[in-house]
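So the protein sequences, as listed, match chains W and E.
Mapping the first sequence onto this note's numbering, position 264 (from 1) lands on 264, and the numbers just tick up by one.
Mapping the second sequence onto this note's numbering, position 334 (from 1) lands on 334, and the numbers just tick up by one.
Simulated from the structure, these hints should not be mistaken for lab results.
A hint or two may mislead.
Just a few of them, taken from the derived set where beta-carbon distance is under 8 Å, the chain E residues facing chain W [said to hold, decoys possible]:
id, residue
1, SER147
2, CYS202
3, ALA223
4, ARG247
5, GLU288
6, GLU300
7, GLN315
In this text, a Cβ means the ideal position worked out from N, Cα and C, and glycines have one as well.
There are 2 protein chains.
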Amino acid sequence: MPLPQPPLPEPAHPTVDSMLSRRFGKEVANYFSGSPLNRVSFLRPDSTFLSTALVHPSTTFVLFNNLEPLISSPSALATATFSDVKSIIGDSPFGKSEEDVIKEYNSSLYIPQIVFLGLDERKEGFVYKDHYKGQPWFAVDVTPKSSVTDSAGKLIEGLKAKGLEFSKGRMHLSLPAQEAAIYAEARHLLDWNARNPFCASCGYPTLSVNAGFKRTCPPRDIAPSVQSPDRPPCATRTGISNLCFPRTDPTVIMAVVSADGQRILLGRQKRWPQYWYSTLAGFLEPAESVEEAVRREVWEESGIHLGRVVIHSTQPWPYPANLMIGAVGQAIPGGEEVHLGHDAELEDAKWFTAEEVREALRVGTSGLGEEPGPDYRQGGLRLPPATAIAHQLMSAVVNGFASGTPMI
Amino acid sequence: MPLPQPPLPEPAHPTVDSMLSRRFGKEVANYFSGSPLNRVSFLRPDSTFLSTALVHPSTTFVLFNNLEPLISSPSALATATFSDVKSIIGDSPFGKSEEDVIKEYNSSLYIPQIVFLGLDERKEGFVYKDHYKGQPWFAVDVTPKSSVTDSAGKLIEGLKAKGLEFSKGRMHLSLPAQEAAIYAEARHLLDWNARNPFCASCGYPTLSVNAGFKRTCPPRDIAPSVQSPDRPPCATRTGISNLCFPRTDPTVIMAVVSADGQRILLGRQKRWPQYWYSTLAGFLEPAESVEEAVRREVWEESGIHLGRVVIHSTQPWPYPANLMIGAVGQAIPGGEEVHLGHDAELEDAKWFTAEEVREALRVGTSGLGEEPGPDYRQGGLRLPPATAIAHQLMSAVVNGFASGTPMI
Numbered sequence: 001m002p003l004p005q006p007p008l009p010e011p012a013h014p015t016v017d018s019m020l021s022r023r024f025g026k027e028v029a030n031y032f033s034g035s036p037l038n039r040v041s042f043l044r045p046d047s048t049f050l051s052t053a054l055v056h057p058s059t060t061f062v063l064f065n066n067l068e069p070l071i072s073s074p075s076a077l078a079t080a081t082f083s084d085v086k087s088i089i090g091d092s093p094f095g096k097s098e099e100d101v102i103k104e105y106n107s108s109l110y111i112p113q114i115v116f117l118g119l120d121e122r123k124e125g126f127v128y129k130d131h132y133k134g135q136p137w138f139a140v141d142v143t144p145k146s147s148v149t150d151s152a153g154k155l156i157e158g159l160k161a162k163g164l165e166f167s168k169g170r171m172h173l174s175l176p177a178q179e180a181a182i183y184a185e186a187r188h189l190l191d192w193n194a195r196n197p198f199c200a201s202c203g204y205p206t207l208s209v210n211a212g213f214k215r216t217c218p219p220r221d222i223a224p225s226v227q228s229p230d231r232p233p234c235a236t237r238t239g240i241s242n243l244c245f246p247r248t249d250p251t252v253i254m255a256v257v258s259a260d261g262q263r264i265l266l267g268r269q270k271r272w273p274q275y276w277y278s279t280l281a282g283f284l285e286p287a288e289s290v291e292e293a294v295r296r297e298v299w300e301e302s303g304i305h306l307g308r309v310v311i312h313s314t315q316p317w318p319y320p321a322n323l324m325i326g327a328v329g330q331a332i333p334g335g336e337e338v339h340l341g342h343d344a345e346l347e348d349a350k351w352f353t354a355e356e357v358r359e360a361l362r363v364g365t366s367g368l369g370e371e372p373g374p375d376y377r378q379g380g381l382r383l384p385p386a387t388a389i390a391h392q393l394m395s396a397v398v399n400g401f402a403s404g405t406p407m408i
Numbered sequence: 001m002p003l004p005q006p007p008l009p010e011p012a013h014p015t016v017d018s019m020l021s022r023r024f025g026k027e028v029a030n031y032f033s034g035s036p037l038n039r040v041s042f043l044r045p046d047s048t049f050l051s052t053a054l055v056h057p058s059t060t061f062v063l064f065n066n067l068e069p070l071i072s073s074p075s076a077l078a079t080a081t082f083s084d085v086k087s088i089i090g091d092s093p094f095g096k097s098e099e100d101v102i103k104e105y106n107s108s109l110y111i112p113q114i115v116f117l118g119l120d121e122r123k124e125g126f127v128y129k130d131h132y133k134g135q136p137w138f139a140v141d142v143t144p145k146s147s148v149t150d151s152a153g154k155l156i157e158g159l160k161a162k163g164l165e166f167s168k169g170r171m172h173l174s175l176p177a178q179e180a181a182i183y184a185e186a187r188h189l190l191d192w193n194a195r196n197p198f199c200a201s202c203g204y205p206t207l208s209v210n211a212g213f214k215r216t217c218p219p220r221d222i223a224p225s226v227q228s229p230d231r232p233p234c235a236t237r238t239g240i241s242n243l244c245f246p247r248t249d250p251t252v253i254m255a256v257v258s259a260d261g262q263r264i265l266l267g268r269q270k271r272w273p274q275y276w277y278s279t280l281a282g283f284l285e286p287a288e289s290v291e292e293a294v295r296r297e298v299w300e301e302s303g304i305h306l307g308r309v310v311i312h313s314t315q316p317w318p319y320p321a322n323l324m325i326g327a328v329g330q331a332i333p334g335g336e337e338v339h340l341g342h343d344a345e346l347e348d349a350k351w352f353t354a355e356e357v358r359e360a361l362r363v364g365t366s367g368l369g370e371e372p373g374p375d376y377r378q379g380g381l382r383l384p385p386a387t388a389i390a391h392q393l394m395s396a397v398v399n400g401f402a403s404g405t406p407m408i
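Same shape as in the complex, but just chain W:
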């Protein structure tokens, strides 16, 4: 199976005879994971670090226009330099301490979003406090709007003249694994900042701090249109509030096998192409374990009663903010009858033999908007590509994840 599987980040190779690898084998790294960057998250509030990292000659910028990434081809992110983006973000966007930035908050000013993504420690050059080394990566939102309409428009013209473009479409599944992981981090953070301009606790506008990883509700706002600069108290200012930090929604996605281990349950949504099926999935709810969420979702969507559930692997999915938690679940004897009447989410759910799934993984996979390969025969089962964790889960089941030897 040709997998755009990212290698584990360095240093991440256990000793060959270590107990964990002995029992569990190599870790499954799904598409969008496997970033080469060290996020050094504790340096994000440090304006000296950010200011020096921003202007280092090795520093690399990925640009987004309305959440569409700049690419040089469908399989390559394009990168930019500080001089490219200076007209948008200014000479010194991290020139003041966070404390001062909060003090001088003015909600009428548009500040293009910058996200510090991390240091690529494989590249030499930039060094901070002797300890933190590597090529700094940032993401910048260059959407032409508000005070940067002209400068961003001009920048975009120039990029287009160089043959670069902002990739249309929602999904970006053709990037090499490590670029995909960098793109995923940037997209998730830019989307979160754009989606949350107001404080859910008090309703006032918020300010991005921590290089894009936090939104704070300033106690004062000196915008001329505001009647009084002092704002009412806000609960997010007393102690640590999760509302200030990026949201990630845990989602369960599961390969369901029959009680005898011979069949796999797949479902389809109405909007999908004909013959296309996938594993069931849904959001984990408050106060559920992963296993409980898997059993609830499978029952609600298909009527199947599951017994044992085992977590297989996880996948970041930045559309907009999911953590996909992949699992394998087994139906209990007598609990295998499909019933679509509880929740109306699926158009169909049915049991397939392992042979059907194995054949479809060989000849019937593609992206949702694409055609399957030349060996696919009309009417055969179609499945998602290897970049989707659904594909990995089905593959794991037909290749014996659960039994230690191929189960079917």
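For chain W, the structure is supplied; the task is to place chain E on it using the hints.
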């Protein structure tokens, strides 16, 4: 080890010889999971269902005052009936369709929060559409405020006269497992609703719908103080927005073992009692797999470099909204030196022998505010109680989770 371990919910017992149980054994169910309720989430928008469930004679209410649950003793939730709460929530809080409730939205009215928790299918009585049966459970916020100050105050007086009380303190770890799971669901949802009265996308007040599981941003507000009832467009109204649904923050927590499998790394925070240590933990960030988050957090907090990471089990943790994802990670050879200088979160982190941890699990565990048992000797390692997933992870390591046989 005396564990308040909830049984798996019915129907959840795989066949004895099923492939999953053969390989993986019994699932670990942590405290706060294992709810006996079927949430029938697809019935939450159905006002006919909610109206009839609310007033059924078997229906049970758990009450909260400022997020503190009503209890009859530290180890028992107290429950109430519809006639108890009628003065707070009114005769027919689900009497109108959701569509009408949204149309008639008036932000000046205080609506006490009601959450539909699920059906206890073990109890007969209530039946809906022939298919959905069981005792309905609801949570109600009876905090005396706004228009219910008097009625809630009176209700609370009456409850106190019966010897009931609202449990002070943040953690509730003495409830029987299934009550703890019901409490966790209720607390997480009430907290989320209370914490998010405004729309993060447009800043306007939002309205609770779906029996407490969704907050919507109505297009009109007929409150007399509002200048124009029609509100500006809001992005959460076009398509499905994650902002409308409860937030759950994925958190990683991990037992770290040395490269030779002989020692366990534990850390402590300054505010903890003397000699008290626990596993490291932290929030998963955008676009990280669970394994990546574990490696990043461990390196940032302790300087240790991890290789292989294996997910052990998960735990809902409703303070306020966490999904704890428990893992075991192994240090790489040469990556075991403790360095606390990256992130300043821990006061100390150090390696303990398995024997020290095993002994502390036997004699040195307790809640944070409690004393350890009589066999504890001053100066010995202290650890969290069995209700914490940290305890389960340490126990799993010294009992051989990773190797199949006790590893140390």
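_Taking the earlier hints as the rules, which of them does this structure contradict?_
1, 3
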